[in-house]
Every structure is written in C-alpha cells, then in structure tokens.
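Going down the list, the protein sequences come from chains D and B.
For reference, each letter of the first sequence is one residue, going 1 to 381 in this note's numbering.
For reference, each letter of the second sequence is one residue, going 1 to 381 in this note's numbering.
Some clues are possibly wrong.
The list treats identical chains as interchangeable, and a pair is accepted whether it falls inside one copy or across any two copies.
Claimed, not checked - With a Cα cut of at most 25 Å, we get these calculated DMTMM-like pairs of lysine to aspartate or glutamate:
{"id": "1", "residue 1": "K219", "residue 2": "E30"}
{"id": "2", "residue 1": "K284", "residue 2": "D255"}
{"id": "3", "residue 1": "K284", "residue 2": "D59"}
{"id": "4", "residue 1": "K325", "residue 2": "E340"}
{"id": "5", "residue 1": "K292", "residue 2": "D7"}
{"id": "6", "residue 1": "K292", "residue 2": "D28"}
{"id": "7", "residue 1": "K284", "residue 2": "E65"}
{"id": "8", "residue 1": "K325", "residue 2": "D7"}
{"id": "9", "residue 1": "K114", "residue 2": "D24"}
{"id": "10", "residue 1": "K284", "residue 2": "E296"}
{"id": "11", "residue 1": "K114", "residue 2": "E55"}
{"id": "12", "residue 1": "K114", "residue 2": "D331"}
{"id": "13", "residue 1": "K284", "residue 2": "D7"}
{"id": "14", "residue 1": "K114", "residue 2": "E340"}
{"id": "15", "residue 1": "K219", "residue 2": "D28"}
{"id": "16", "residue 1": "K284", "residue 2": "D94"}
{"id": "17", "residue 1": "K325", "residue 2": "E16"}
{"id": "18", "residue 1": "K219", "residue 2": "D7"}
{"id": "19", "residue 1": "K219", "residue 2": "D331"}
Everything labelled a hint here was simulated from the structure, so no lab data went into it.
There are 2 protein chains.
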Amino acid sequence: MSSTRQDRLALSLVVEPGDPRLRDLLLDLEPGAIVAAVRGRHARGQPRVPEAWSERGHDLDRTVETARARAAAGGLRWLCPGDHGWPGALSDLDHVEPLHGATGAPLGLWVRGKSNLAALSQTSVAIVGARECTTYGAECASELAIDCADAGYTVISGAAYGVDGCAHRGAVMMGSPTVAVLACGADIDYPLSHGALLARIAEDGLVVSEQAPGQRPMKGRFLSRNRLIAALTQGTVVIEAASRSGSLNTLSWADQLGRTTMGLPGPVTSRQSTGVHAALRGGKAVLVTSGKDVVEEMRGLGADSADEAPLLLTDFDRLPPTAQKALDGLDWSEPRSASEVAVVAHLSARQVGPALALLERRALASRIGSGWLLSRRADVG
Amino acid sequence: MSSTRQDRLALSLVVEPGDPRLRDLLLDLEPGAIVAAVRGRHARGQPRVPEAWSERGHDLDRTVETARARAAAGGLRWLCPGDHGWPGALSDLDHVEPLHGATGAPLGLWVRGKSNLAALSQTSVAIVGARECTTYGAECASELAIDCADAGYTVISGAAYGVDGCAHRGAVMMGSPTVAVLACGADIDYPLSHGALLARIAEDGLVVSEQAPGQRPMKGRFLSRNRLIAALTQGTVVIEAASRSGSLNTLSWADQLGRTTMGLPGPVTSRQSTGVHAALRGGKAVLVTSGKDVVEEMRGLGADSADEAPLLLTDFDRLPPTAQKALDGLDWSEPRSASEVAVVAHLSARQVGPALALLERRALASRIGSGWLLSRRADVG
Chain D
1 MSSTRQDRLA LSLVVEPGDP RLRDLLLDLE PGAIVAAVRG RHARGQPRVP EAWSERGHDL
61 DRTVETARAR AAAGGLRWLC PGDHGWPGAL SDLDHVEPLH GATGAPLGLW VRGKSNLAAL
121 SQTSVAIVGA RECTTYGAEC ASELAIDCAD AGYTVISGAA YGVDGCAHRG AVMMGSPTVA
181 VLACGADIDY PLSHGALLAR IAEDGLVVSE QAPGQRPMKG RFLSRNRLIA ALTQGTVVIE
241 AASRSGSLNT LSWADQLGRT TMGLPGPVTS RQSTGVHAAL RGGKAVLVTS GKDVVEEMRG
301 LGADSADEAP LLLTDFDRLP PTAQKALDGL DWSEPRSASE VAVVAHLSAR QVGPALALLE
361 RRALASRIGS GWLLSRRADV G
Chain B
1 MSSTRQDRLA LSLVVEPGDP RLRDLLLDLE PGAIVAAVRG RHARGQPRVP EAWSERGHDL
61 DRTVETARAR AAAGGLRWLC PGDHGWPGAL SDLDHVEPLH GATGAPLGLW VRGKSNLAAL
121 SQTSVAIVGA RECTTYGAEC ASELAIDCAD AGYTVISGAA YGVDGCAHRG AVMMGSPTVA
181 VLACGADIDY PLSHGALLAR IAEDGLVVSE QAPGQRPMKG RFLSRNRLIA ALTQGTVVIE
241 AASRSGSLNT LSWADQLGRT TMGLPGPVTS RQSTGVHAAL RGGKAVLVTS GKDVVEEMRG
301 LGADSADEAP LLLTDFDRLP PTAQKALDGL DWSEPRSASE VAVVAHLSAR QVGPALALLE
361 RRALASRIGS GWLLSRRADV G
C-alpha cells in the first residue's frame, strides 16, 4: 500500500467522516502531514489538529491494524483517490458548504464486492425515501428502480427499510448491479434483516461506507452518509418523504452539488408525500412519474443540452466561490492553462484544478488541449 | 337599453362566441357598424362580414326578440362592457392568440342570479378537472374549494360532473357565492342532474354563459367556454385530468393570459392524474396540495411581490404584440399619456388602452395621474 493510501486510511480512523475541518486542512496539506500532526509529531510549521483527533490517534498503528483485520474478516477493501475505480465525482463535495455540519470528499471508502465503483456510478441514479413508506411508495420505488436499471442506470441507495430496500430489490430483480451506501461499517448488516439483501447486492454490485469496519450507525452518520449518495450519482429521486425525512437531506445535497433533483408525487392526502410535494413546490426538485421521466431528466444533464440552455444568474450564484473565481479567470477565445487561470483568478494551485473540473462538468468551461476556455453557456451578460 | 348594448346583444346572436374574426373586426369598428354590415345595409366603406353571419342575421330583429323572451322566461339578464358588474379582466382575451380556433373577449354574458360578477371575480380561483374523477379527485376538489372559499376566494368552474361539481358544492357548503360558466345557454340545466345545483349556485352566486338562452352545448363550445373561466379568475387549479382532458385547455388559457396556473398531484399510478403531472413536469403549472398553497400562489401575484421579481425574457416574449409595443413606448422617468404611448409605439387608439391595462396588471407599467411609466420590474437589460 502506498504511503498516501496508508495515510488516508489512518486519518479516516481518527476523523469523523464529513468533518469540515478536515476538508479545510486538506486544501493546503497532504494527508501524511495531518497524520503526522495527529501522531503528535509536531515539527516546526506543522498544523494544529483538533484535540479529539489526537486522542483517537494515540495508538494509531494498532487502530489501523485492528481495522484492517476486521476489514479482511468482512471481505472489505480500502478504496481511495488515485485507486483504479475511485469515483472522481466525489471531489465535488470539497466545494460545497456544510449541511448539518458535514461536508468534504471522503478520505476513502471501505468496499464490499468486486465491482468497479467508478464504472458503476458513472451512469447512476439515487432512489431514496421513507423508511415507513406506504404500499404505494414501495410499489413506485420498485417500478422506478426496475425502469432505471433497464435503462442502464445503476441504482444507488441507502439499504434502509422501505423505499431504499425496494429500490435495491428492483435493480437486483433486473439482474443489474446496485450500490448500497451505509452509515455504519460496510461489514455490518444494517438493518439486520437486510443481511441477505446486502450479501446479494455485494455479489454483482457494491456495499460501501466511509465508516470504519465495525462502526455502528449513529444519527449524524446517516446525514453525512447522504452526501455520498448524492455525490456518487448524477441525480436523486425522492419517493415518499414526510416533512423532516432524511431523504430530503439527500435531495439538498444533490441540489447543492448541481445534480438533478427529482421527486415522485403521491396523493396530497398522504402524510408520507408531504416532504416530496414541498420540495416540488419550492422548485427544489422536478416532478417525475416514471423511469422514463427520470431518464429524460438525467439525459437533460448531457453536455449537448447544457450547451444550449442559457446559464441563469442563479446557477452562477450557486457555484462554490472557487469555481466562481475560476470562471472569472477564463476567456472566450484565448485558452489558458490551469496555472494561468490560478494567477488571474487569485486561486491557489490546489484550488484551481477541482474548480475547473467542476466548471467542465457543468458545461461552463471546456478543455482545449492543455488550456481552458469559457463555454458559450457561461454567457450571462 | 343603450344602442351599444343592443348592438352587442344582436351581434352575439349571429357570431359563434370566440370567433377570432370578430375580435379582429372589433379592433377597428364599433359593434353597431358590424351589426349594420350583418343586416346587409352595406354602405360605402362598410366592412365585409362572413357569409354565415349574414345568413344567421337575415331576420335579426326577430332573433333578438326570441332571445329576449327566452332570457326573461329563464330569469337571465344581459351583461356587457360598460355595465356595472362587467369584469374588465375579460378584455385580456383580446390580446391572446386563438386556442382551438377561439379567442377574444365575449360581446357580453347572459347571467342568472343577482350578484355582481365583477365583484365576485375580483378575487377568484378556477377549480377544474376530470368529469370521470376518482373519489380522491372528488375529495380533493371539495376540500380545496372549501379552503379557497374560506379564504375569501370565489370558486369559478364549469358545473360539469366530477371535479367541477365538487368544487361548486364545496363553496356552496361554505355559504360562499360560486360562479358556474356554462357551454350552453345559462337557462339550460346541463348536465341535467345538476339542475338543483345550478339553481342553488344562482341564489348567492351566478350562472353565466356567452351562449344565447336555449343554446345546446357542443364540443367546440366547451373549449371556447374554458377561456372565460381562465380569464375571469386570477388563477386556475387542475385536479385530475387525463392526458387530453379539457381542463388542460383551461390551464393553457390561464397560462396564455398570464394567470397563476396550478395543478394538484395524485398517485402516479392513476391515469386520471397523468395530464396534471405532465403539466407540472413541463412547468405549465405549479404544484399545490391544499387551499393554503393556492392562496399563497395567488397572493404571489400581488403587485408587491411582482415588483420584486425580475422580469424574465420569456415573460416578455409571452406578452401579446400590442403589449410588447406599448412597453417599448413607455419611459422610466417621464410619464406619458395613453395617446402619446400610442404614437410612439405605433398602436391605434383602440389598442393602446387594453395593452397598457395588461401591462399594469402584470406590474410592468404603472399609472401616475393620467400618465404611464415603465415599472422597475420591466428592466430586462
């Protein structure tokens, strides 16, 4: 294992996933430097890290060893940036404001299953919703998952009771790989009665988590887990969510990340659809009624149609500050290298790459050889 | 009866309501001049009118007499522009493109009931939907009507089976006046089994129609009737509409007229909600789940919030050509009289008044004494 992979693994065992302080430190430092600080090997100029990290890291080699043993027993592998199969889209999380105190790309993921996460998530959709769904919600979740799987989309969800489980089962029924993102260790069967489902998912698809092997789910962990579901996919559909449902949190993440946000309506007389209707009403999500609608919305994301759609000022306002600056540093006709953009836009060398990549995904910038140009869509004048 | 009122009444008996040719002739001519042409009294410079009008007008005095007798027997009165109680909002129909071959403000309306139509329609909402509604649709229509009536809105609908009837009954239950707009004569009980309901509606509210007394409903008349429902109200809600439902036609009218367009969702598994969902998905309507939502949307129409909302270019594109020209004839700082605007904007004296009134309703122009100014919201630069 390379030293960076080791450093990431070690660091993931002392920092609660989604801690925004980690994201901020990683802007300027390599994981190895933070691990060194956690180990208490403060050299001159080394960063200060939160006390809690140092406490958790007091016998870090042993903690790493335990996690590895547990991972081996559970059939998990460590996947992190730089690895084949690492989904680059997760770095979008480094550019969004915290929600409920969590943000940032994960240091890595523990993975159960042999499939390639980057390949599976390349064309994927999140289907999430109420644990206590009605039979209507369960039926819609299965149908939607079946149609999306049939259209070649990987269904990604949280393996919970209700809508999540039905979505995974719909994909499994179609013989399509599906990805479950857990709020506990990827070796834990949670909920317990979904043990067989999780084993089945890991056969053709993947069970993943940023929590260390053996970790139990906790309330905050469901919320930080949701950001991964939103970031891994190109769009999120919510089916049945009461007013304060956690799946609305996944929708907010998708919204912040510029992914397609969708909601499947239900009877207005059903409490389980109130959160979905509120999101649709507030313009936080687009109404979908079928897999066909979902695919249509997702295809709308393609570069072609994005090129034609004018950029609204609100889209610009919703870009993270670094991407806004990078946009200002680009020109219509004269391609600029990333480092030139960094100089013009007053961005650090570490900031400019991800910012340009984000602009490219949103069809606001395009790569010409080793240079970057502003795309036509970015004309907000 | 003034000669203009008489002319309008006579003309209404020879022209099929909504005939766009009438709207065009009325741009330059008084109703009296058209009646004279219909009577065959062609003087030099008098307009040509369609053959069918002349045929229907071959014994016009007698036709008028018959209609009046029938109206008297049915307890109907003739209400037309200039009368106390005439809803000025109907003239918005003179500025929209034909839908299914119909457009234009009605020459007048036959009215059953003593209430003031202008007063009732001042704060009103259309609730329309499927004749063959489900129990869910029926329940939602009643509930919504009850809530809207409770909030002080007059419920206006088409008195059909299903959603329409439930909407009227909800308002009646609340002791609130409601207005039924029929596609047949206002003295005809259609559907027959709604006779008691129509009588009840006429007690506190009104039963109105632009069809002459005694006229039977015909397919095209439902479509042209729908434009009146949309124009009389500040917003239209559709509850249950299959893909080609007539109530989607009412929604299109409301959309063309710049009224608030709303749709109440249902289960995606119900065929009766497919048209509503398609409208919501296509951005033709805003999702509402309750009377509270409806009132919120309708209040959003108020001048205050319109002043804050920026005008989108698409709003400008959707203005009728006369209003677009009038907008060009206005200034930010120097108030202009209607006739000055007419000169600058190359509009006729007859066109400029309604065009300015439309701009005022959409908060794009404001009246300062006898002059007109461009409002801040019209800044599309």
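These are the hints, each one checked on the structure:
1. Taking identical chains as interchangeable, the C-alpha atoms of K219 and E30 are never at most 25 Å apart, the minima being 30 Å within one chain and 73 Å between chains.
2. Taking identical chains as interchangeable, the C-alpha atoms of K284 and D255 lie at most 25 Å apart whether they share a chain (7 Å) or sit on different chains (22 Å).
3. Proximity of K284 to D59 under the C-alpha cut-off of 25 Å is found in neither arrangement, the shortest distances being 45 Å within a copy and 61 Å between copies.
4. For a Cα distance limit of 25 Å, the shortest separation of K325 from E340 inside one copy, 13 Å, qualifies, whereas the shortest one across copies, 47 Å, does not.
5. In this assembly of identical chains, K292 and D7 lie within 25 Å of each other by CA distance neither inside one copy nor across copies; the values are 44 Å within and 55 Å between.
6. Taking the shortest Cα distances, K292 and D28 never come within 25 Å of each other, neither inside one copy (44 Å) nor across copies (50 Å).
7. Taking identical chains as interchangeable, the C-alpha atoms of K284 and E65 are never at most 25 Å apart, the minima being 44 Å within one chain and 59 Å between chains.
8. Neither within a single protomer nor between protomers do K325 and D7 lie at most 25 Å apart by alpha-carbon distance, with minima of 31 Å and 67 Å respectively.
9. In this homomeric assembly, K114 and D24 never come within 25 Å of each other (Cα to Cα): the closest approach is 32 Å inside a single copy and 72 Å across copies.
10. In this homomeric assembly, K284 and E296 come within 25 Å of each other (Cα to Cα) both inside a single copy, at 17 Å, and across copies, at 17 Å.
11. Taking identical chains as interchangeable, the C-alpha atoms of K114 and E55 are never at most 25 Å apart, the minima being 35 Å within one chain and 82 Å between chains.
12. Proximity of K114 and D331 under a CA criterion of 25 Å is satisfied in neither setting, with 43 Å inside one chain copy and 68 Å between copies.
13. In this homomeric assembly, K284 and D7 never come within 25 Å of each other (Cα to Cα): the closest approach is 38 Å inside a single copy and 53 Å across copies.
14. Taking CA atoms no more than 25 Å apart as the test, K114 paired with E340 passes in neither setting, with 40 Å inside one copy and 77 Å between copies.
15. For a Cα distance limit of 25 Å, the shortest separation of K219 from D28 qualifies neither inside one copy, at 30 Å, nor across copies, at 71 Å.
16. Taking CA atoms no more than 25 Å apart as the test, K284 paired with D94 passes inside one copy only; the shortest distance there is 22 Å, against 36 Å between copies.
17. Taking the closest pair of Cα atoms, K325 and E16 never come within 25 Å of each other, the shortest separation being 30 Å inside a single copy and 61 Å across copies.
18. For the homomeric pair K219 and D7, neither the shortest alpha-carbon distance inside one copy (27 Å) nor that between copies (75 Å) is at most 25 Å.
19. Taking the shortest alpha-carbon separations for K219 and D331, neither the intra-copy value of 46 Å nor the inter-copy value of 58 Å comes in at or below 25 Å.
Hint compliance for this structure: hints 1, 3, 5, 6, 7, 8, 9, 11, 12, 13, 14, 15, 17, 18, 19 are not met, and every other hint is.
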